[in-house]
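Novice: Sequences and hints are given; from them, build the entire structure.
Taking the working numbering, the leading residue of the sequence shown gets 67, the next gets one more, and so forth.
The set of hints was computed from the structure by calculation and includes no laboratory data. Just so it is clear, the structure is predicted and the values come from calculations on it, not from any experiment. Glycine residues also receive a C-beta, built at the ideal position from the N, C-alpha and C atoms. Please note that a few of the clues may not be correct.
As the list claims (entries may be wrong) - Beta-carbon label-pair distances, calculated as ranges:
id, residue 1, residue 2, range
1, 90, 249, 23 to 31 Å
2, 225, 111, 53 to 61 Å
3, 77, 249, 44 to 52 Å
4, 127, 148, 17 to 25 Å
5, 153, 209, 33 to 41 Å
6, 237, 111, 37 to 45 Å
7, 132, 153, 20 to 28 Å
8, 219, 111, 23 to 31 Å
9, 241, 158, 18 to 26 Å
10, 153, 127, 42 to 50 Å
11, 132, 102, 14 to 22 Å
12, 257, 217, 27 to 35 Å
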Amino acid sequence: MKRMKVGDLMTDNVVSAVPATSFKDVARLLAEHDISGVPVLDEDDRVLGVVSESDLLARREPAVRELMTEPAVTVHAEQSVADAARLMVRRGVERLPVVDEEERLVGIVTRRDLLCVFLRPDAEIRHRIREDVLSADRGLSDNAVDVHVLDGVVTLEGRLQRSSQARTVVELSERVDGVVAVVDRLTATEDDTRLTSPAHAAHDLTR
67 MKRMKVGDLM
77 TDNVVSAVPA
87 TSFKDVARLL
97 AEHDISGVPV
107 LDEDDRVLGV
117 VSESDLLARR
127 EPAVRELMTE
137 PAVTVHAEQS
147 VADAARLMVR
157 RGVERLPVVD
167 EEERLVGIVT
177 RRDLLCVFLR
187 PDAEIRHRIR
197 EDVLSADRGL
207 SDNAVDVHVL
217 DGVVTLEGRL
227 QRSSQARTVV
237 ELSERVDGVV
247 AVVDRLTATE
257 DDTRLTSPAH
267 AAHDLTR
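Specialist: See below:
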C-alpha cells in the first residue's frame, strides 16, 4: 500500500539560524516569515537544535546557542506521515526538521502540514481503498465490499468469506492517508478469528 511520506509534504526552503545568531535576529526571523520556530545548523548544515517562540519567551539570552532545545527531534523524508505525527505528539513538538542520511537539513514539516493529509477528497480516499485494500489480487471479489466515504469517515459494508478477512480490510482501510475513522458493517460467512492469527490473516488477504 502506497502511503504518503514526509518528503511529500515538507517545505524544502527552510528558514534557519546558526549558534551565533542573536536573540533579536531570531525574533525578527520568526516575525518576518510568520513561523513559530527555526532549526539551528552547524557549518555543515547538520541540525544542532531548534529554537521556538516558547524558547524566546522563556528566557532572554544573547545568542541562539543558549536558547535552543537540543538535541533536535528530526525525521527523514522517507518516513511516513503517520510516523511523523506520532513522533510530534510523543515529543510535544510543533515542527520536525527533515534530514538526510548524514543528518543534514533538507526540509521541515509542521503539524499544519500533517493536518493537510486529512483534507484529502472523499472520492480519492474511496479510490485508494478500492485500489490498495480491495483490489482483485487480494483475493476478494470486485463487489464484495461497498465503500462509502463522507468527510473522511469510511463505511464498509458487505459479506466476506472469513471474519479474519473482514478484520484485515478494516485495519488496512484505517491506514489509508486521509481516513478519519472506519465504520465496520462487514459480516462473514465463517468465523475463523479463534483459529487464525492476525499475521496469518493478513497473509491470506494480501497473497
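Novice: Would you mind marking each hint as holding or not holding in the structure?
Specialist: Status of each hint after checking the structure:
For the pair residue 90 and residue 249, the supplied restraint of 23 to 31 Å is violated, since their beta-carbon distance comes to about 53 Å. For residue 225 and residue 111, the Cβ-Cβ distance of about 56 Å falls inside the hinted range of 53 to 61 Å, so the restraint holds. Checked against the given bound of 44 to 52 Å, the beta carbons of residue 77 and residue 249, roughly 35 Å apart, lie outside it. The supplied range of 17 to 25 Å is broken by residue 127 and residue 148, whose beta-carbon atoms lie about 36 Å from each other.
Taking the beta carbon of each, residue 153 and residue 209 are about 40 Å apart, inside 33 to 41 Å as hinted. At about 40 Å, the CB distance of residue 237 to residue 111 agrees with the hint of 37 to 45 Å. Evaluation of the 20 to 28 Å hint for residue 132 and residue 153 yields a pass: the beta carbon distance comes to about 26 Å. Taking the beta carbon of each, residue 219 and residue 111 are about 42 Å apart, not inside 23 to 31 Å as hinted.
Range check, residue 241 to residue 158: about 24 Å between beta-carbon atoms, so the 18 to 26 Å window is met. Our hint of 42 to 50 Å for residue 153 and residue 127 is violated, since their Cβ atoms are close to 27 Å apart. Restraint check, residue 132 to residue 102: a C-beta distance of roughly 19 Å satisfies the suggested window 14 to 22 Å. About 32 Å separates the C-beta atoms of residue 257 and residue 217, a value consistent with the hinted range of 27 to 35 Å.
Violated hints, listed in ascending order, are 1, 3, 4, 8 and 10; each of the other numbered hints is respected by the structure.
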